[in-house]
Amino acid sequence: MSLVAIKNISKSYWRDSLEIPVLRNISFDIPEGEFLALMGPSGSGKTTLLNLIAGIDRPTTGSIVIGGTDIGGLGETALAQWRSRIMGFIFQFYNLLPVLTAFENVELPLLLTKLSSKERRDHVEFALKIVGLEERMRHYPKQLSGGQEQRVAIARAIVTDPTILVADEPTGDLDKVSAEEIMKLLDRLNSEFKKTIIMVTHDPRAAERAHLVRHLDKGELS
Amino acid sequence: MKIFKIIFKNGLRHKLRTILTVLGIMIAVTAFGFLRTVVTAWNAGVSASASNRMITHHSVSIIFTLPIAYRDQILKIPGVSAISYANWFGGVYKDASDFKNFFPRIAVDPETFFDLYPEFGLSSGEREAFMKDRNACVVGHKLAEEHGFKIGDIINIEGDIYPGTWEFVVRGIYQGRDATVDETQMLFQWKYLDERIGQLQQGRQGEVGWYVLSVKNPADLAPVSKTVDDMYFNSRASTKTETEKEWQQSFVSMSSAILTSLTVISYVIIGIILLVLSNTIIMATRERIREYAVLKTLGFTRGHIIGLIGGESMLIAVVGGVLGLFLTFPMAGAFAKAFPTWFPIVVVEPLTIVLAFGAALFAGLIAALFPAMKITRMNIVDGLRTIG
Ligand SMILES: Nc1ncnc2c1ncn2[C@@H]1O[C@H](COP(=O)(O)OP(=O)(O)O)[C@@H](O)[C@H]1O
Ligand SMILES: [Mg+2]
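As you go down the protein sequences, you meet chains A and B in turn.
For the first sequence, the working numbering assigns the number 1 to the initial residue and increments by one for each residue that follows.
For the second sequence, the working numbering assigns the number 1001 to the initial residue and increments by one for each residue that follows.
Extracted from the complex, chain A is given alone in its bound form (with noise of 0.2 Å):
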């Protein structure tokens, strides 16, 4: 069985009375330990989707179940419970807290748990190791570089272990280097650490890490 499993999705939003159609009847799976990339052009609906599979929107019609889980039947505070558990985020333009150092940033998921703070400072090490900032835990996000920032942000996004990290152009904020370092580091969470991987790029570089790649055109994949 696939880890997720999306069925009959559409999404529409609402401009007054008028409706427009974002994603148009989607099924596809993912099975577990993937690395998908999700291709396509602006305003094709990617973002939506992402948001729908990680489950912080929900869709209009269709289903989505993701490790045996319906999510649109959990209700708010059961579905950020699930997300804390089971997804790790990594957004386009970081979205660090600015009055928190790279440690405090890392450690907010692990406020949600019952973990002592020392085996809370253990993770959060362990994570920052990972992502080769170790020596950066005490400076804030405006003393780092963009690569940088991503990186803590990736620390965030594994510290809890999830099962799943979803991206939304990981890159589209870098210089070429720093891209390629996030890339690289995506890469081998995939492969190492076995996290499946759900990925929004308009970045060819950044697509040919990916295992799959899927074409999303005016709500429709391909």
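Hint data in this document are derived by calculation from the structure and do not stem from the laboratory.
Some clues are possibly wrong.
[As the list claims (entries may be wrong)] Derived SDA-like pairs: lysine to any residue, alpha-carbon spacing no greater than 25 Å straight-line: (1) B:Lys1005 with A:Gln81; (2) B:Lys1009 with A:Thr113; (3) A:Lys142 with B:Lys1191; (4) B:Lys1015 with A:Gln81.
Starting from the structure of chain A, add chain B with the ligands where the hints point.
Quick look at chain B with the ligands alone, frame taken from chain A:
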């Protein structure tokens, strides 16, 4: 790291804005506490009045006197358990332009005064000494401290209502039973006044400014008052008998419009606290919409978000409130010092403290309410799309 640390760091994100907000709340809380303290000080005389005492004075005005002969006649009325009497002396002590020399000087009957006013605490030794010398006087504890009066000191007063130079010797210092007792008065023997004025101006002897009556049963207040006033209705000096409370209210009621406006202003101040804090919290949450969306994405729930926003609001409110209360005491102290005899009893009441601090907490709660509601209701996806 704990949630509290995030609240703290968020609060310090815009240091100047936070400091200004805290100062704003501090000033408002101080103003609220101070205004309420002034209003209480103003009303202190009234609330300190005993419920079993009545005052009989001339029906026309307090400046006209009553004959001493009324004393025994009134005492015979059923329901009256004790009677005392007193005269307002007036006079000038030292430099009249200095506020602190304006303390009340009252001629009283040493035999009965302290029985009717048990809240004026005087040791039995001092009370005996007060009765012994004709020109003895007792002064309030606060007045004695203010002027450095000690037992045996001579106090000279230049008379006005009662002409001449009057010399008094301090034989006692009374202590108020509680903070509502006026400790700034000077009391001396009525007989000293009566005897000396008799020598100077014949015919002014045997005059009493007012009588103080006590009744055993509060139910007797009304009938006793009627009996007394009926008894002297057709006499040369007709009387008006009222409860001590009514009597004291007649002094403050003239200023009731001012008191009312001060009270209204003190409530307006609560509104100001609310606006100052709301403004800050609304600005703070608006510029962090995306961060809250990220936190929600990571699994932080409604309760966490409310805790973060409410906590920050409360933190600012509490710090401002505490600072404001700390500032209220020296303000009230300075006020009491500036007008020692006009406002003999200036106390920052526990209720004032509770209300002032409560106002800050209330503002903290309300200021956080709407921003927190807005953020918890916000879609994560919309929040993430917000630029800023
Ligand atoms: N909250 C929203 N309200 C209205 N329209 C939206 C909303 N979110 C996305 N859209 C629209 O849906 C379409 C797909 O958006 P998105 O999934 O962000 O595309 P992509 O990530 O592929 O660029 C766009 O036309 C966008 O304007
Ligand atoms: Mg997008």
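Exercise. Looking back at the numbered hints, which does the structure fail to meet, lowest number first?
Worked result: 3 and 4
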